[in-house]
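Protein chains in written order, with my numbering: chain A, 157 to 285; chain B, 37 to 422.
There may be inaccurate statements among the hints.
[What the hints assert, rightly or not] List time: in silico DSS-like cross-link candidates among lysine-lysine, alpha-carbon distance up to 27 angstroms: (1) B:K397 with A:K196; (2) B:K397 with B:K183; (3) A:K196 with A:K178; (4) B:K359 with A:K196; (5) B:K405 with B:K359; (6) B:K88 with B:K71.
No lab work stands behind these hints: they were computed from the structure. For clarity, every value in this text was computed on a predicted model and none was experimentally measured.
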Amino acid sequence: MKSVAFVLLAEDSSIDLFIHRKVIQQSGLCNRIESCTTGKEAILFFQNLKEDDLKPNLLFLDIRMPDMDGFEFLEEFDKLPPELRRNTRVVMLSSSIDETDLNRARNNPHVLAFIPKPLTVEKIQELFA
Amino acid sequence: MQSVPIHVILSLADDRSSEQLKAAFIPLNGAFELKFILNEDQLESQIQTGIKVVVFASTGGISWQECSRRIRNHSENAIFILISDEEDLTTAITQGADLLINSSQAVDLPIFIASLLKKRIPAVVENPIVEITPVSTKAEIDELQLKNKELQKINFELDRFVYSASHDLRAPLTSVLGLLYLLREEAKEEEPQRLVDMMEESILKLDNTIRDIVAYSRNNRTEVQIEPLRLGLIIDDLVKGLKYLESGDVKLSTCVRYEDDFVFLSDRTRLTIILTNLISNSIRYRHPARTPDVVVKVYREDSCLVITVADNGLGINDQHMGKIFDMFYRTNDLSAGSGLGLYIVSETVKKLDGKIEVKSKVNEGSIFKIVLPLIREVNNNNASAE
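Using the sequences provided together with the hints, build the complete structure.
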């Protein structure tokens, strides 16, 4: 199984954050996990990155969050200076089964994959299959 | 039955296709006395004789608007039916036609004519050929357009509702599925109690959303029912349903206080929905540093019934103030709810012809004030005499 250095989670539900952390730990995907609870917080996270800071390799992004949802986040993410965002691929992680959401996610250049919740070790393995 | 002469204007430009068009009207000959108008001279002489019903199917020459004007100058009540595949209904009706039909509907002309005649000059046709629902007039078109707009709005809201509701119903379910997955994968290492607690929390959230949806729909569907009410009885009842919010020092019987000194008239179901939502918000978003204190009051003010729910909770940030009553709006801090509660409160207040306002200070508390039209005041003595 492929592994990465650093995963960032953007997720407003504390229960889901707990699940994501557990499952990611079990999968051995990475050893550093950090989390934000809204889209705005996630944007701030990237804006505050210093040149030498380790950039997240993967961002697991929820769609429905208060303040700034996943898609609004992606618009803002796109406006960030490239050096802050170019190491990060986005994995959308949502309980949405709406076709429009799926297509919007698929058509976004930053999005690597769309994973329907709940996250499982198998679904993480499929990311790199 | 007396046959009404129908004037059919086929072509005022000597269109070669007029013979074909004429043939299309022949089947109607049994129901009506058809008089074909093919040129300007025939038009003028028939106008002088008087025209009751005219079917305009010409594609060239004089415009139908001009034709309608000339006929009506002479016979004010003439019924003008336009057969066209190009005009739109609104234009046709506003510019002088009583009815627009397209060429494929021409076979139904007897039905349309009978219905129009029945409305315009009831004496002429005592036994209309076919009983049908009336065809559209200007006023009816206006009403239809209004209804159409309403329906579009409702459809749009329904779409949004289904999208948001399906998400809010699935989100807690996927959480439970995730927890079950973890429980199965590593039951030995993990403390199962914690996972079970979280599952319960998710399921309660799901249940809450479903309750909200039911309350929303009930408010939309049912008529307002007025009865004499006492605040205390309503609150005692609804507090039983909110038991799940209790924990540690939070006992609803002591946290929720009310002033209950008069009987008033209102809708019990709707008032229960409003108060349940406001009180549960007050408890759910309590300040962590103090015991929640919710005070519910009802009183008369001018010619209104005022109900207030005041708490000492977290308060609402100014940036959210304008949006808290929006459907599925959740503030950052209040994300535990379905985002429906206050929307339902405001819709329910609307249904009672009332108004709701809120004042709040972060870290101090909020007060919701509902002003309802006073239906009739019943004082204590009257109520106990019932």
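Here is what the structure says about each hint:
1. For the proposed pair B:K397 and A:K196, the alpha carbon gap of about 24 angstroms is at most 27 angstroms, so the pair holds.
2. Taking the CA atoms of B:K397 and B:K183, the gap is near 42 angstroms; set against the 27 angstroms cutoff, the hint is violated.
3. Restraint check: the Cα-Cα separation between A:K196 and A:K178 comes to about 24 angstroms, which is no more than 27 angstroms; the hinted pair holds.
4. For the hint linking B:K359 to A:K196, the alpha-carbon distance of about 18 angstroms falls within 27 angstroms, and the restraint holds.
5. Only pairs whose Cα atoms come within 27 angstroms are accepted, and B:K405 paired with B:K359 is accepted, the gap being roughly 17 angstroms.
6. A threshold of 27 angstroms between alpha carbons decides the hint, and for B:K88 with B:K71 the separation of about 11 angstroms falls inside it, so the pair holds.
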